[in-house]
Amino acid sequence: MTLLSARGLRKAYGRGDALVRAVDDVSLDVEPGETVAIMGPSGCGKSTLLHLLGGLDRPDAGTITLDGRQVDQLGERGLARMRRDAVGFVFQAFHLMDELTAVENVELPALLAGRSPRAARRHALELLARTGLADRARFLPSALSGGQRQRVAVARALVSDPVIVLADEPTGNLDSAATLEVLRLFDDLHAAGQTLVIVTHDSRIAATADRLITMRDGAFIDETRLTGGTSGSLARLAGLDG
Amino acid sequence: MGRPWLIARLVLRDLRHRPGQAVLMLLAITAATATLTLGLALNGVTASPYLRTQAATNGADVTASVFPSGTSGARPADLAALTPLASAAGVTAASGPFPVAFATLRADGHAVPVQAQGRDQSAAAVDQPLVTQGTWVRPGQVVLERTFARAVGVAVGGTVTLDGRPFRVAGLAVTAAVPEYPGVCYYMTCNSPAGQAEESGMGLAWLTAAGARSLATPAAPLSYVLNLRLRDPAAATAFAAAHGPVAVTGPGSPSGPALLTWQQVQDADNDLVSVAQRVLAPGSWIAIALAVASVAVLAGGRMTEQRRRVGRLKAAGGGPSLVVVILLAEHLLIALVAATAGLGAGWLVAPALSSGGTGLLGAPGLPALSPGTVGLVMAVALGVTLAATLVPAVRAARTSTVRALADAARPPRRRALLLTVSAWLPVPLLLGVRLIARRQRRAVLGAASTAVTVMGVVAVMAAHRDADVATARFNWFAGLPDPVFGRVSQVMAVLTVVLVALAAVNVIIAGWATAVDARQPSALARALGGSRGQVSAGLSVAQVLPAVPGAVLGMPLGVLLFAAANGTGQVLVPPASWLTALLLGTLTAVAVLTFIPSLMTARTAVAPLLQAETFG
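These protein sequences, in sequence, are chains P and C. Read left to right, the first sequence gives residues 9 to 250 (our numbering). Read left to right, the second sequence gives residues -8 to 607 (our numbering).
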């Protein structure tokens, strides 16, 4: 059964001569446990597509079904509930709260979902341990490296046990070593059956996916199923092992 | 010419680009400077109506009175003591002595004590009251002082009784020799048998000398008054000191007649205005304190909003000094315009609070604004703005260009205890408390602003309570409205409006500044599953929570302010129901006023905010 299905998605900005079709008649199916990479040049509409899929923005046309439920017609409250319970986001800019420690950042979505602070803290610590940051739980983001910050962001995306994680250029702000850290983490998630949609313009990350979709001018222009996926040597595939 | 022109262009463009904030700042400073102007402009505004009345009535420079004496007041007044005064050195004219009786006037359901002066039907050389309506005294008729007649509700042609004897009201008149109602006995020159309490609301009536004599009784014999014109009116005080106890030392002194100078009468007639000034003086400083809070929060918020603009200016070659000059010039320009508007508004409103009553001729008109007043108001406006904007401007100028271009916010403060506690709260409170924890100085400023406003309102409440208690206990004005408190109420109403308006501007500004600063955390909270309502409520909570201690603290401060301002040190706590209503009303008002900026922030699209580049 398809976990995420989008049909005929459209999103445009501006009007008249300034009209930009950010997403133009895009259809997509993502199976449970699949990792899909979306590539394309800057401004091709891949981030906009991710925002539409995650309910951060609304499409002008088209339908989106997540986990058997049509979500494009949901009201603001319904979308908030969807983001809280079903979707995890990872941003290029991390978007960690500067004044919160790593564990406080990770537990935040659980607190917003109304979970008990104790349960939220326990789960957040587990996730930090899983992402290799158990010893950094009480550190502020300013005391963490870029890779560590993004791993905290990934842990935060997982704290509500989402059915899908949407990552927008997750390594865009990272150096090679940090990129490798994050790739390993995604590899672990993939191995654990987590469904992932990763927007990137980095072919090394795309090479780790099950499927690679290429976008240009708001539309899909190519789709490739990658047999290697993340089952091979990640560092070699990503070209990071020198 | 290049640099000033560039600065002017950048300043004007930015003001045009963000008119809303400029208007809010303009309003805050205008309200404060208008209040200050009002307080300063009332200095001496009644001088010209008094002098006009004095000229029109051949007003006395000094009046001398003698009263009955003895424990029961049964010993007749020493009329002979007045005789030498009429021919004393420096006296150029005199009228009287006129007999004065103290009686009870009844009219329109009121029973009011009056000082009834017996006068000739012909005009007196000194102090001939000017009849403004009707005719001068005739047998069986009475002329009433104009302010008093209006307070009692008596018109020409009506009938009043004096100690039970009917008199037709022949006319209404004004005089400069006796303070107008309710200050007839301002200097206790009445010595009425009823005592001081009734003298507070005593009226003035003229009737024929025979009519006045007929009101005297063995228990309350006549008093006498002599009106004197001096060669040198400015020497009235010296003359009074040389010839008898000045009236304020007490009536009926065995050492001689009680003398009252024209300057004392003028001061008494100025009572309504001076009481307004006494209220406006602390009020205008409270308004200025609120304006400081407004400008500080607004300047901080504008700097937050202009981070990227600062980065662009610096990237284009502008140095830190240029950035400081531009940011300061923008705010100082607004302050200058606001101070001008405040001066104009205060000057225009002043006549409404400067009329001394109807006992003088003509209205005071628009007060003259002295260079001192203009200079002080301008200095306060510019000083307040400079104090509130200099630090944020310098801080913005010193921000690294790269950080500024990335629109990177100043790192928020971490308060571990607040963060831990907030985890146990419902989501809106959690978000609100964490926003407060990020920017505590703004929360403190919000609390201070609320405290100052509540302090002002509680002081007003205490004054009202004081008047209610005094009215119930003493009935000084025989059931008539107290004109002094009427004026105080009028001024307090103006002041309350100014304070509440300033506080409202403050809340809106603080709400907007918090919303601007919280754009990214709010967007993140929504991306992580927080609903629009929760985020919006969280932003409101961030304003309402600091208002709670502010409002609570403002209450005892208001009681203390009233005790300090009323001149007696009397501590008076308004009823608990009033204070409860004020507390709830304040918090509701804050919640309502912050709801709109909160809602606007919560409605902002999330995606663009989260696409911003991070720094570090």
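Keep in mind the hints are simulated off the structure, nothing from the lab. One or more hints might be untrue.
Said to hold, decoys possible - Which stretches of chain P does chain C cover? Using the computed rule of at least three CB atoms under 8 Å from a CB of chain C, they are:
#	region
1	84 to 96
2	104 to 110
3	118 to 128
As the list claims (entries may be wrong) - Not the full set, but computed from the structure, chain C residues with beta-carbon under 8 Å of chain P:
#	residue
4	G308
5	G309
6	G310
7	P311
8	W415
9	P419
10	L420
11	L421
12	Q431
13	A492
14	A495
15	R517
16	A518
17	L601
What the hints assert, rightly or not - Derived DEER-like restraints, expressed as beta-carbon distance ranges:
#	chain 1	residue 1	chain 2	residue 2	range
18	P	R126	C	L(-3)	53 to 63 Å
19	P	T71	C	I(-2)	25 to 35 Å
20	C	P417	P	E134	23 to 33 Å
From the three backbone atoms N, C-alpha and C, an ideal C-beta is built for every residue, glycine too.
Status of the hints after comparison with the structure:
Beta-carbon proximity to chain C at under 8 Å applies to 7 residues in the region 84 to 96 of chain P; the threshold of 3 is reached and the given coverage holds. For the region 104 to 110 of chain P, the stated coverage by chain C holds: 4 residues have a C-beta nearer than 8 Å to a C-beta of that chain, and at least 3 were required. Only residues whose beta carbon comes within less than 8 Å of a beta carbon in chain C count, and the region 118 to 128 of chain P has 6; three or more means the coverage holds. Because the beta carbon of G308(C) sits about 28 Å from the nearest beta carbon in chain P, more than 8 Å, this interface hint is broken.
Of the supplied interface hints, the one on G309(C) is violated, with its beta-carbon coming no nearer than about 27 Å to a beta-carbon of chain P, more than 8 Å. Below 8 Å, beta-carbon pairs count as interface contacts, and G310(C) has none with chain P, the closest being about 28 Å; its hint is therefore violated. Hint on P311(C) is violated. Least Cβ distance to chain P is approximately 25 Å, over the 8 Å limit. Checking W415(C) against chain P: minimum C-beta separation of about 5 Å stays under 8 Å; hint holds.
Below 8 Å, beta-carbon pairs count as interface contacts, and P419(C) has none with chain P, the closest being about 11 Å; its hint is therefore violated. Because the beta carbon of L420(C) sits about 11 Å from the nearest beta carbon in chain P, more than 8 Å, this interface hint is broken. With a least beta-carbon distance of about 6 Å to chain P, the hint placing L421(C) at the interface is held under the 8 Å criterion. The restraint placing Q431(C) at the interface with chain P is violated, with a minimum CB-CB distance near 11 Å, outside the 8 Å limit.
Interface hint status for A492(C): violated, as the beta-carbon distance to the closest one in chain P is roughly 34 Å, over 8 Å. Interface hint at A495(C): violated, since its Cβ lies 29 Å from the closest Cβ of chain P, which is beyond the 8 Å cut-off. Taking 8 Å as the C-beta cut-off, the interface hint given for R517(C) holds, the closest approach to chain P being about 7 Å. The interface hint given for A518(C) holds, since its Cβ lies 5 Å from the closest Cβ of chain P, which is under the 8 Å cut-off.
For L601(C), the shortest C-beta to C-beta distance to chain P is roughly 6 Å, which falls under 8 Å, so the interface hint holds. Separation of R126(P) from L(-3)(C) is about 59 Å and conforms to the stated range, judged on CB atoms against 53 to 63 Å. For T71(P) paired with I(-2)(C), a C-beta distance near 54 Å fails the hint of 25 to 35 Å. At roughly 25 Å, the beta carbons of P417(C) and E134(P) sit within the given window of 23 to 33 Å.
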